[in-house]
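Top line first, the protein sequences correspond to chains A and B. Note that the numbering used here numbers the first sequence so that position 39 is 39, with each residue one more than the last. Take the position in the second sequence, starting the count at 1, then add 139; the result is the number in the numbering used here.
Because the hints were derived from the structure by calculation, they are not lab data. It cannot be assumed that every hint is accurate.
One side of the interface only, derived from the structure: several residues of chain A facing chain B at Cβ under 8 Å [to be verified]:
(1) Leu18
(2) Phe20
(3) Ile37
(4) Ser83
(5) Ala85
(6) Asp89
(7) Val120
(8) Val123
Heads up, the beta-carbon is just placed ideally off N, CA and C, and yes, glycines get one too.
Chain residues, written in single-letter form:
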Amino acid sequence: MNSVILSAGTRYLVWLLLAFSIYMLLRGHNEPGGGFIGGLVGATGFVLDAIARGAQAARASLRADPTSIAMIGLGIALAAGASAAFFGDALFTGQWLFIGGSETEKGLPLSNILVFDIGVYLVVFGSVLALVFALEEVM
Amino acid sequence: MSQITHETPEAITSRSAVRGNGLIGVVPIVIAAGLFAFFLQLTPPIADGQRLIWTATWIPSLGVELSFLVDGLSLTFALLISGIGALVLLYSNTYLAGHPQYGRFALLLSAFMVSMLGLVLANDLILLFVFWELTTFTSYLLIGFGHEKEGNRRNALQALLLTAAGGLAFLLGLILLGSAAGSSRISDILALGPELKEHALYLPIFVLLLIGAITKSAQTPFHFWLPNAMAAPTPVSAFLHSATMVKAGVYLLARIHPAMAGTAEWMWSLTILGATTAVFASFLAMRQSDLKQALAYTTLMALGTLTLFLGQESGYAITAFATFLIVHSLYKASLFLVVGNIDQSTGTRDAATLGGLRVAMPLTAAAAAVAAMSMAGFPPLLGFIGKELKYAGALAVASEPILVAGAVLVANALMLAVAGVVAYNPFWRPGAATPKAPREASWPMLAGPMILATLGALLGVYPDILQAALVHPTVLAVTGGDVEPKPLELWAGFNLPLLMSVATFALGAVFYAFRDRLRAWMDVAFAPLPKLDAAWDRLLDGLKLLAAWQTRRIQTGRLTDYLGATFVVIAAGLLGSYFYVGAPAITADLGAATWKHLALASLLISGAVLTVLAPTRITAIAGLGVVGIGAALVFIVFGAPDVAITQLLVETLVVVLVAVVMLRLPRLRAEPFRAGRALLAAIVGAAYAGVMLLILSQPLDRRLTDFFEAASVPEAYGRNIVNVILVDFRALDTFGEIAVVVVAALSAYALLRLAQGVAR
C-alpha cells in the first residue's frame, strides 16, 4: 500500500503503540491490561508498519526475528514459573517482594508473576508478527 | 551366504592400531563390575532365606512406589545381568576398539543393563512396566546400532514394534492385575493366597501378561524377530539375546508364578507354548549355517524349555528351571562371544567353510569346547546336571509326562548336534580357507568366554555352592515356598533321567552324523509353514497403504470439507447431549432488555447477514468485522473491559490478516444456493442459540467468581481479576496456551514458507 500519510504517521505510531503496550503490560495486574493485551497492542504497531512500508521494512525496523522473540518469551515464562521451586513452592506459585515496603506503605511490588507476564507479552508479540510478516511476504 | 558378514569392518582393520577406547571404554566396565560385586555381597542373606525390600515414594497420588525387591529369583537375574554385562563390556571395548561411535554403544549397553536390573528388581507393577519398556527401547537402539544399513534398521524396527505391541497388552495386564490384587506392590501380590486364581479377571490378566511375556521372550509364533535381531553387533547378541532381555518374559512368568500358577489354563498354555517352541526352534537351529543364527535359535529352544517348566509346580520342574536358567546363560553368552572371536579373526561365520581353527586360536577353541559340552550336557559340567534335572522335571509334569519328556529329549539331542556344529566343526575338523588368516583374540576378548565356560565346569563339579547360593533361593521365590527344592547332583544313581541322558547322546550323535540329510528333509518339511517374517513385511506394507488411503479420504485439502465436518460434529454433540440429557425447558426472560441491548443485537445480526450475502470478499470481511466489534461492545456494556480490549485487538488483527489474504484471491464467483450447507449452518446456529439460552435459564453458579473476588487481592496482590487468574491462579494453563500460540505460529510460518517455495 503506497500511502505517504500512513507511512509518515506509522513512524511515530510504532513508538507510541510500543510505549502504550508496555504501559498496558505493567498496569495489567490491577487495571485492564496485561501481557496478552500488551503483546497484541505492541504487535499492532509493527503490523501497521508492515502494511505501510512492506514486511521487509518492518522486519528491518524490528531488528530481531519475531519467532525468536516468541521462543524467548516462552522460555522466560517457563523460567518464571519454575523459579518458584527455588523458594520451595510448587511450580508457578507467585513469589512477591515489596521493595521499600513497611507496615503502612506497600512499597514497589516485584514478582515472578510480572516476569511471567513479560514472557506472555513476548510470545504474543512475536507470534502475531511472525504470522503477519510471513503472510505479507507470501501474498 | 551373502548375509553372513561381520558388522564392523572398520573395527577389524584398526584392531592392531587401537587397543581400546580410553576412559569411555573402561568406566562402564568398572560400573558393571561394581554392580556385580554389590549383588554378590547380597548373596549370603538371600541364601539364608531373607527378602530385602527397599521403598521410596514416587507418585503417591497414584499409589506408585519406587520399590525394589531382592529375593532368590531377582538376585539370580541381577547377578547374571551385571556379571555377564561386565564381561560383555570388557569384550566390546576390544571388539569395537576405535569405533567412532563407541561412546554411544557403551552408553546404550550400560543403559540397557541398568534397565534390565531395574526390571528384575522392581517391586511395583508400574515400575516394572517402566523398566520393561526401557529395555525394549534401548534394545531397539542396540539392534539398530549399525543404522547405516537398511536391513539393520528394518530388523530393529521389527523387534521394537513386536515387543512394544506386546508391551501394551502387558501394561493392560499389569493394571488389571493391580486392581484385582488390590495392590500394585509385587511383594503384596506374591503374599496372596488363591484369591487371584479364583478372581473373575484371572483369565484376561493371564492372557494379557502371557502376550507380553511371549513377545518379549520370542516364543512361537512370535519367534521370528529374534534371529533378525542378530543384526546387532555380536556382544549385544551375547548380552541381550542370550542372557538378559529375552529372558525378561521368562522372568515375568517366574515372578507371578506364586500368585497365578497352578490353574489348568496356566499349565496347558505354558506347557504347549514352551514345548512347541523348544522342539521347533531346535530343528530351525539345525538348519542354520551362520553360527550366530544357529545360536539364536538354540536360545529360543532354551526359552521354550524355561517356559515349559514354569508351567509346572513340582519341585523338580522348578529346580530344573532355576538350574537351566543359570546353565544356559553361562554357556550361551560364552558361545556367542566365541562366535564373535571367530568372526573377527577370520572374517566369516559360515559353519560350512570354517575349520581347523584350534591351531591358530587354541584358547578360543578351549572355551568353545567347554561351553559346548555344557550345552550338549556332558558330565561333569553344569549342563549335565541341568539336563538330568530337566528330565526329572519333565517326568514329574502333571499333564502329559511322556509327551513332554519326549519333546525335551528331542530338543536336547538336537542341542547336542548344534553344539557340535557350532563348537566342534570350526575348530577340530579340516576347513576351507577363510577371508582372513585366523589368529588368536586378545585377552579382553578371551576373558569373557573363558571365565563363563570355566564357571560352567567348576559349578558342575561343585554344584552345592550354586544350589545353596542361588538355585534353592530361586526355587523358593518361584514356588512361594510350598515345594521342596531338589538337590543338584552329578551322580544321582541309576534312574530314568540317566537312561534318557544316554539316549540323548545316542540320538544327538545320529542327528549330528546325518545333519546334512536332516537339513534337506527340513527344507522340504518346513516349506509349507507360513513365512512369518515375510508376512510381517506384508502386514507393515498393508498398514502403510491403509494409512495412505485413510489420510487421502480424511485430508481432502478442501477447506469446505473440514468446516463441514467440524460443524456436523458440533451440531451432533450439542443436539445429541440436549436430547440425551433431556435438558429443562428454556425460560428466556427478555423483559429486562434495554434499547442499548437491542441496538447491539441488531448490529450483530446485520453484520452476520451482510457476511453471508456479501457479493465481494472485502464486503464479507467488513461484515465479519462488524460482528467482532459488536461482540466487543457487548463485553463493554456488560463490564468486562479486559475481554473487550482483547476482542477488539484480535478482531482488528484478524480483519487485517484476512484482508491481506483475501485480496490476493481470485474474484468471488456467484455460487448457487446450496440447501445442504444452508441447513447445516442453520442447525449449528440454532443449536448454539439453544445452548446459550439454556445456560442463561440456569441459576448462575457464583462459587468460582466469589472465590476469585475474595482471594485476588490478599493472595495475589492484584485487583484485575482476569489478569490475576491468567498469570497467577491459572498460570500453568496460560503457559500451556502460550506454548500452543508459539507452536501454531511456527507451524503456520513453516506452511507459508513451504507454499512460497512451491509457488516459485
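Against the structure, the hints come out as follows:
no.	hint	in the structure
1	Leu18	14 Å, violated
2	Phe20	11 Å, violated
3	Ile37	5 Å, holds
4	Ser83	12 Å, violated
5	Ala85	13 Å, violated
6	Asp89	12 Å, violated
7	Val120	6 Å, holds
8	Val123	4 Å, holds
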